[in-house]
Amino acid sequence: MRDNLNTTRRTIIKFGVLLVAVVAFYFLVSTLCTSLYTMMVVDIALIYSLIAYSVSVLLGMGGELSFAGVSFMGGGAFLLANLTTGRLGPTLSPVVSFLLIIPVFIVIAFIIGLILLRLKGTFFTFATIGLVQMTFAIYNNYKPLFGGADGIAGIPTTEIFGTKLMNYNDWFPVLLILAVVVGLIVERIRTTPMGRSLAACRDNETAARVLGVNVYMTKVLAFTIAGVLSAMAGGLYAMLTKFVSADMFTYASSTKYIIMAMLGGVQSTVGAFLGAFIVQVLPQILSAFEGFLQLFWGIAIVLLMVFMPEGLAGIVKSLGRKFRAKNKKKVAAAAAAATEEGVK
Amino acid sequence: MAENRTPILRLDKICKSFGGVVTAKDVTFCVYPGEIKGLIGPNGAGKTTMMNMISGIYTADSGDVYFNEKKITDKPDYARARMGIGRTFQTPRFLQRSSVRDNLMIGADLGNKIGYLSGFFGRKSTNFYQELKEMMDILHFSFNWDDDINSLPFGQRKLLEIVRSLLSHPKVILVDEPAAGLNNKEIEYLMDILRMAAKKMNIGVLVIEHSMDMIMDLCETIAVLNFGELIADGTPAEISNNTAVIEAYLGREDDD
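In order, the protein sequences belong to chains A and B. Sequential numbering of the first sequence, starting at 37, is according to this note's numbering. Sequential numbering of the second sequence, starting at 377, is according to this note's numbering.
If we strip away everything but chain B, and leave its shape as in the complex, we get:
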């Protein structure tokens, strides 16, 4: 079904190595709008590097990244973010010594596409509070606007980083290990908000995660990397029956 639509994100034969270490070798896959795609693989398989190449933090040695079928390989990271590539990190990255408000506003700034000058003269963000309220209803927690961001527990900060990214109205969002450090309830809410992002906001979601239960439950398709090579790309059912994957990854998981 997915093949008839235009992918929002397409990687074409991406290669990358650091010195002698190959972290990506001819990696090709797509993410479609409204799809949740998992990106899995053993430690050091090159998952985060792949995300960094999509968001432009690293440049690929060869191969191209297409956003909405437009080549963005040469675009700098901030330009890609402005086009609609959202991103969260393994450990949340926020403004320090700043309030929750400032930290979320910076996501909305990106979404509103306000320049510094018009922002200075006070064009208000349209429905920031409404959108935020809907997301916080899904996440089942609330906070004080003026609280320091670091006064929130780690799990809530991780969820808020996703919220910040969604407030910027991305077309595609790259989520790096969102469940690490979250309790079971929070993981449930995390899955809810990612589903909401895909289904309601029609965002393509690419998620790296080590928790197999979550990946199998959440994702429509899964891409598997091993030592920088794409060894499988398919539905959860296909992936869990793929011998190469079991050998490289799930098999090892079973051992311990």
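Excised from the complex, chain A in its bound form:
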């Protein structure tokens, strides 16, 4: 049970590994992705990682399956599109609009969470599906705010600290940093009281209650965090592609984000990140087999749920555990041998 010191050391090691991984990832992508098109694929994958995190927060920690991610993503995207093109009156810069998304969607997601989470489990999930259908219908048909079927184009180029992000190459480091920072925040939530309380709600509500957890409000809070993350992803998507239209925010696309998180592992932040990448990048690599991709996802998900419900991250985790157990045995054997020597 010696621990205190070990945790700080372990944190430092973890941060070191993360830094090396991020830098390696940066150079790997920079060298491998030579065309703007491949860069776009990577950029979008980075944006999707935010939504995968949101699934990880709500489903992985809180045990509530929500399809509402796309509703908030669409909301964020359209809010940014409206603000930056001056459709609501004043024209704001993309960065300011993006920052505005956060408080606005804290309020919206909180209120919707308050309503939907009065329902439990499956009923809640179905209600979120209803929400997705409603928001799609509104985004697709209400012209004044959402441009109807044509969508909204003409979102100006984003400028950060005086640098214009002209193309997908310029966006890559910005999005990478954002994805890592948000990932760290999500990981931090997981290891602090909020994450533990959520996990308690997921595994045993009664136990959570007697440990002082307000189950309802904790879940509403998780729903809010997930909603804001999705809205941010939507805003970024609008900034990156400079065009928003309703057909990106359908029920079908919302299943994609859940597949990302499930594939990578809902219990793991890194897993969510990797899941977003696999689902986004693999179709490009395997474009020759495009017709079979849906089949491939389907089979992959079924196999993973049967053999490894914690996704790819779960596979890594269990391998690590096996390795550690083996090591421990070795150490124990060595110690036993040493004491035997001593006795002799």
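Among the hints, a few may not be true.
Straight-line Cα separation of at most 25 Å, SDA-like style, residue types lysine to any residue; simulated pairs [said to hold, decoys possible]:
no.: 1; chain 1: A; residue 1: Lys362; chain 2: B; residue 2: Ala620
no.: 2; chain 1: B; residue 1: Lys489; chain 2: A; residue 2: Phe146
no.: 3; chain 1: B; residue 1: Lys547; chain 2: A; residue 2: Asn240
no.: 4; chain 1: A; residue 1: Lys353; chain 2: B; residue 2: Arg477
no.: 5; chain 1: B; residue 1: Lys561; chain 2: B; residue 2: Ile514
no.: 6; chain 1: A; residue 1: Lys50; chain 2: B; residue 2: Asp523
no.: 7; chain 1: A; residue 1: Lys50; chain 2: B; residue 2: Ser474
no.: 8; chain 1: A; residue 1: Lys292; chain 2: A; residue 2: Phe328
no.: 9; chain 1: A; residue 1: Lys362; chain 2: B; residue 2: Leu528
no.: 10; chain 1: A; residue 1: Lys200; chain 2: A; residue 2: Val58
no.: 11; chain 1: A; residue 1: Lys353; chain 2: B; residue 2: Trp521
no.: 12; chain 1: A; residue 1: Lys364; chain 2: B; residue 2: Leu528
no.: 13; chain 1: A; residue 1: Lys50; chain 2: B; residue 2: Tyr492
no.: 14; chain 1: A; residue 1: Lys358; chain 2: B; residue 2: Asp524
no.: 15; chain 1: A; residue 1: Lys50; chain 2: B; residue 2: Tyr505
no.: 16; chain 1: A; residue 1: Lys365; chain 2: B; residue 2: Arg473
no.: 17; chain 1: A; residue 1: Lys292; chain 2: A; residue 2: Met170
no.: 18; chain 1: A; residue 1: Lys292; chain 2: A; residue 2: Lys366
no.: 19; chain 1: A; residue 1: Lys358; chain 2: B; residue 2: Trp521
no.: 20; chain 1: B; residue 1: Lys451; chain 2: A; residue 2: Asn240
no.: 21; chain 1: A; residue 1: Lys366; chain 2: B; residue 2: Trp521
no.: 22; chain 1: A; residue 1: Lys353; chain 2: A; residue 2: Val306
no.: 23; chain 1: A; residue 1: Lys50; chain 2: A; residue 2: Glu223
no.: 24; chain 1: A; residue 1: Lys358; chain 2: B; residue 2: Leu528
no.: 25; chain 1: A; residue 1: Lys353; chain 2: B; residue 2: Asp522
no.: 26; chain 1: A; residue 1: Lys358; chain 2: B; residue 2: Asp478
no.: 27; chain 1: A; residue 1: Lys364; chain 2: B; residue 2: Phe517
no.: 28; chain 1: A; residue 1: Lys366; chain 2: B; residue 2: Lys489
no.: 29; chain 1: A; residue 1: Lys365; chain 2: B; residue 2: His516
no.: 30; chain 1: B; residue 1: Lys489; chain 2: A; residue 2: Asn250
no.: 31; chain 1: B; residue 1: Lys447; chain 2: B; residue 2: Arg458
I should point out that these hints are in silico values taken from the structure, not numbers from a laboratory.
Fit chain B to the given chain A structure using the hints.
Structure of chain B alone, referenced to chain A:
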């Protein structure tokens, strides 16, 4: 002696029925700080239901629960937990797929009264490790922080659930059948830690248990329920000589 002190927990004429089944009928008793009180009765007497009403999982049909002489009947379960009503279950309830550390930390979270936000920015729990070490010395076993909670044997998990509850610094702790599934050594350690909780931490302990030896040895006072009715409340000596109790409960035990 106990009557001069303020009870930490007082039940006043609690009634509860599920459909036609009466599980509590005008039940009135107290638990004092630093006292270990047994709650016994034949199967189906309404013991666990009583605990659920104290911790707020069920609400009583009528009657009131007082905590430190403050009425808490209308308070929700999590608010009661935050006031200092700890609880363990017949089968331990832990976070699944989680480490021992996370599972114990959640008890400390409650004790530290850290909000989600200040927890996020990292206010450290004060002497979590020190407290835990003292308890583990009493329980005579150790574990690896990062082990999955389910890799521990059942008995150790049951003891850890008590530890988790004690880490939340409760004023009163409700322990539901702690000895079921424990071996003799573990039962001894269990009694040690409950005594420590009462004497050193001045916690009022209410314990449901079927093992009469343990109840008689451990408890200062015992309340006996039968079909939802309180049929006796007194010291172990009084209880074991009470005819109503012998008829309802101990007598039947003697038969087999």
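key: Hinted pair Lys489/B and Phe146/A, Cα distance within 25 Å   = This hinted pair holds, its Cα atoms lying about 23 Å apart.
Hinted pair Lys362/A and Leu528/B, Cα distance within 25 Å = holds (18 Å)
key: 25 Å Cα cutoff - pair Lys353/A, Trp521/B   = Answer holds: Lys353/A to Trp521/B is near 16 Å, not above 25 Å.
query = If you draw a straight line from the CA of Lys364/A to the CA of Leu528/B, is it 25 Å or shorter?
reply = holds (17 Å)
request  = Take a quick look at whether Lys292/A and Met170/A sit within 25 Å of each other, Cα to Cα.
outcome  = Given pair Lys292/A, Met170/A holds - Cα atoms ~19 Å apart, limit 25 Å.
key: Hinted pair Lys358/A and Leu528/B, Cα distance within 25 Å   = Holds. Lys358/A to Leu528/B sits at ~17 Å (cutoff 25 Å).
ask   = Are Lys358/A and Asp478/B close enough, with their CA atoms no more than 25 Å apart?
value = holds (21 Å)
query = Between Lys366/A and Trp521/B, is the straight-line Cα distance small enough, at 25 Å or below?
reply = holds (20 Å)
Restraint status (C-alpha distance of Lys353/A to Arg477/B at most 25 Å) = holds (17 Å)
25 Å limit on alpha-carbon distance, applied to hinted pair Lys358/A and Asp524/B = Given that 25 Å is the threshold and the Cα spacing comes to 13 Å, the pair holds.
query = Given the hinted pair Lys364/A and Phe517/B, is their alpha-carbon gap at most 25 Å?
reply = Within the cut-off at roughly 19 Å; holds.
request  = Mind checking the alpha carbons of Lys50/A and Tyr492/B for me, to see if they're no more than 25 Å apart?
outcome  = Measuring from Cα to Cα gives roughly 23 Å; hence the hint holds.
When each numbered hint is compared with the structure, violations occur for hints 1, 18, 28.
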